[in-house]
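> Sequence:
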Amino acid sequence: MFWLGAAVLIFGEQVSMFRGNAQHTGDYGDQGIGQLAGIKWKFQAEGQLISSPALAEGTIFIASTTGKVYAIDRETGTQKWKIDLKTRITSTPAVNEGLVYFTAFDGNFYALEGSTGKTRWTFKTGGERRFSGRHLHGMQPAAEIMPDPWDSWLSSPAVWRGMVYFGSGDGNVYALNAADGALKWKFKTGDVVHASPAIDAGLVLIGSWDSYFYALDAVTGVERWKFKTGEDPDTHNQQGIQSSAAVAGGMVYFGCRDSHLYALDEATGEKRWAYGTKGSWVLSSPAVSNGKVYFATSDTALLYVADARTGSIDFAVGFNGWPVYSSPAVAGEMLYVGSTDGTLEALNLPNGRFAWSFATDSSKQEGAAIKSYFAPFTTDFYDDVVAAYNKLLTLGPFLSSPVVAGKVLYVASVDGNLYALH
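For the sequence shown, counting from 1, position 352 maps to 1242 in my numbering; every step adds exactly one.
If you are wondering where the hints come from, they were derived from the structure by calculation, not from laboratory data.
Please read these numbers as outputs of a predicted model, since none were measured by experiment.
There may be inaccurate statements among the hints.
Calculated lysine-lysine pairs in the DSSO-like style (CA-CA distance at most 27 Å, straight line) [unchecked claim]:
| no. | residue 1 | residue 2 |
| --- | --- | --- |
| 1 | K1161 | K1118 |
| 2 | K1168 | K1078 |
| 3 | K976 | K1008 |
| 4 | K970 | K930 |
| 5 | K958 | K976 |
| 6 | K932 | K1297 |
| 7 | K1297 | K1281 |
| 8 | K970 | K1297 |
| 9 | K1261 | K1281 |
| 10 | K932 | K1168 |
| 11 | K1281 | K1254 |
| 12 | K970 | K958 |
| 13 | K932 | K958 |
| 14 | K1182 | K1168 |
| 15 | K1078 | K970 |
| 16 | K1297 | K1182 |
Produce the entire structure from the sequences given, and follow the hints as far as they go.
Following this line, the structure appears as structure tokens:
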């Protein structure tokens, strides 16, 4: 077939990474869960879980905001090892040849031994930071430089042909030797790079907060092409690329804060189509499977199913006004995605109906106190907005994205729980 199949690199393979493969398609084959039996196991981490789980050879690797990195037995949920790096981690690990790779807020890129958690090597970047701007999202005081509360994730690495690639808050895209961390090349963009690189056809495909999407030569780092998205110099609300790209069938798909989902020609960067989402960010990464692209929005709280070639919308489903920042995962005829109210939804794709849902522990406990996503936001002062956003995090929302393997769904929530559902 012309369309890329479900090249999920999880069991019996050497590589595991964000969105399941180097192309970041979010397609996990035909191992979906049509009906939920219940929780197979639950693991409580220290701190918040914002990154997504990575699975390799019977082990789940995940990191928390308190700097803990865990290796967990995939069958039982038992901890194999834990290390404490004492720095915030929101990067999803990649696993290759027995090493576990991720970025951290201390500005280091880490390679750990998957069997023990021992640090094999580190690489020091120019430093991490959140995207920042004056009058951010129209907040006050307007002259103050404000770090963006919604810049939640660091770049998650991708591994390809002995190289590991990632973006950084210093504005660079890096390519390192996966074995020893030696710098192969770096490419400077105009701002923070927290999207995760997709690798395909010898290209590194990644967006930046500078509003450009880049295609770089994977071997040399030379720019092949770039594509300009929207700008918002006043409030910086409608600009920047957080979404990681998905690549399939010669097309590149990514979401943007300028309220669009873009589809570009992989070889040239020419826009094939774009879909406007009525002022809503597309922060999470699209999934691509069977000629369809699946993407979710913030304020309008919708999940769209579109024809991957033309952008024609097949249908959309809503999440009761709760924005979706988790990236959808497709497995067979099912799609799974989490929302900011702490609910994971399972969508039957043939009929467009929700088959089942799952609520986090914190969502059950705190949900009655917060009636809507926008209720805590009562002023436009930055400190108040940050406090309101932190209050929403008490619901245990899903900022992590689901992974499906062996008819088990693994997903983490901000309240620190890693769930195995079957």
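> For the pair supplied as a hint, K958 and K976, is the alpha-carbon distance within the 27 Å limit?
7 Å, holds
> Against the 27 Å threshold, does the CA-CA distance of K976 and K1008 hold or violate the hint?
Holds - the C-alpha atoms of K1008 and K976 are around 15 Å apart, at most 27 Å.
> Need the status of pair K1297, K1182: alpha-carbon distance at most 27 Å?
This hinted pair holds, its Cα atoms lying about 22 Å apart.
> For the pair supplied as a hint, K1261 and K1281, confirm whether the alpha-carbon distance does not exceed 27 Å.
Given that 27 Å is the threshold and the Cα spacing comes to 12 Å, the pair holds.
> Are K1281 and K1254 close enough, with their CA atoms no more than 27 Å apart?
The given pair, whose Cα atoms are some 15 Å apart, holds under the 27 Å limit.
> Between the alpha carbons of K970 and K1297, is the straight-line distance 27 Å or under?
Holds: K970 and K1297 sit about 22 Å apart, inside 27 Å.
> Can the restraint linking K932 and K1168 be considered satisfied, given a maximum Cα separation of 27 Å?
38 Å, violated
> So if I understand the rule, the pair passes when the alpha-carbon distance is 27 Å or less; does K1078 with K970 pass?
Not satisfied, since the Cα-Cα distance of roughly 38 Å exceeds 27 Å.
> Between K932 and K958, is the straight-line Cα distance small enough, at 27 Å or below?
With Cα atoms ~17 Å apart, K932 and K958 stay inside 27 Å; holds.
> Between the alpha carbons of K932 and K1297, is the straight-line distance 27 Å or under?
Roughly 16 Å between the alpha carbons, so the hint for K932 and K1297 holds.
> For the pair we were handed, K970 and K958, check the Cα-Cα distance against 27 Å.
13 Å, holds
> Given the hinted pair K1168 and K1078, is their alpha-carbon gap at most 27 Å?
31 Å, violated
Hint compliance for this structure: hints 2, 7, 10, 15 are broken, all remaining hints hold.
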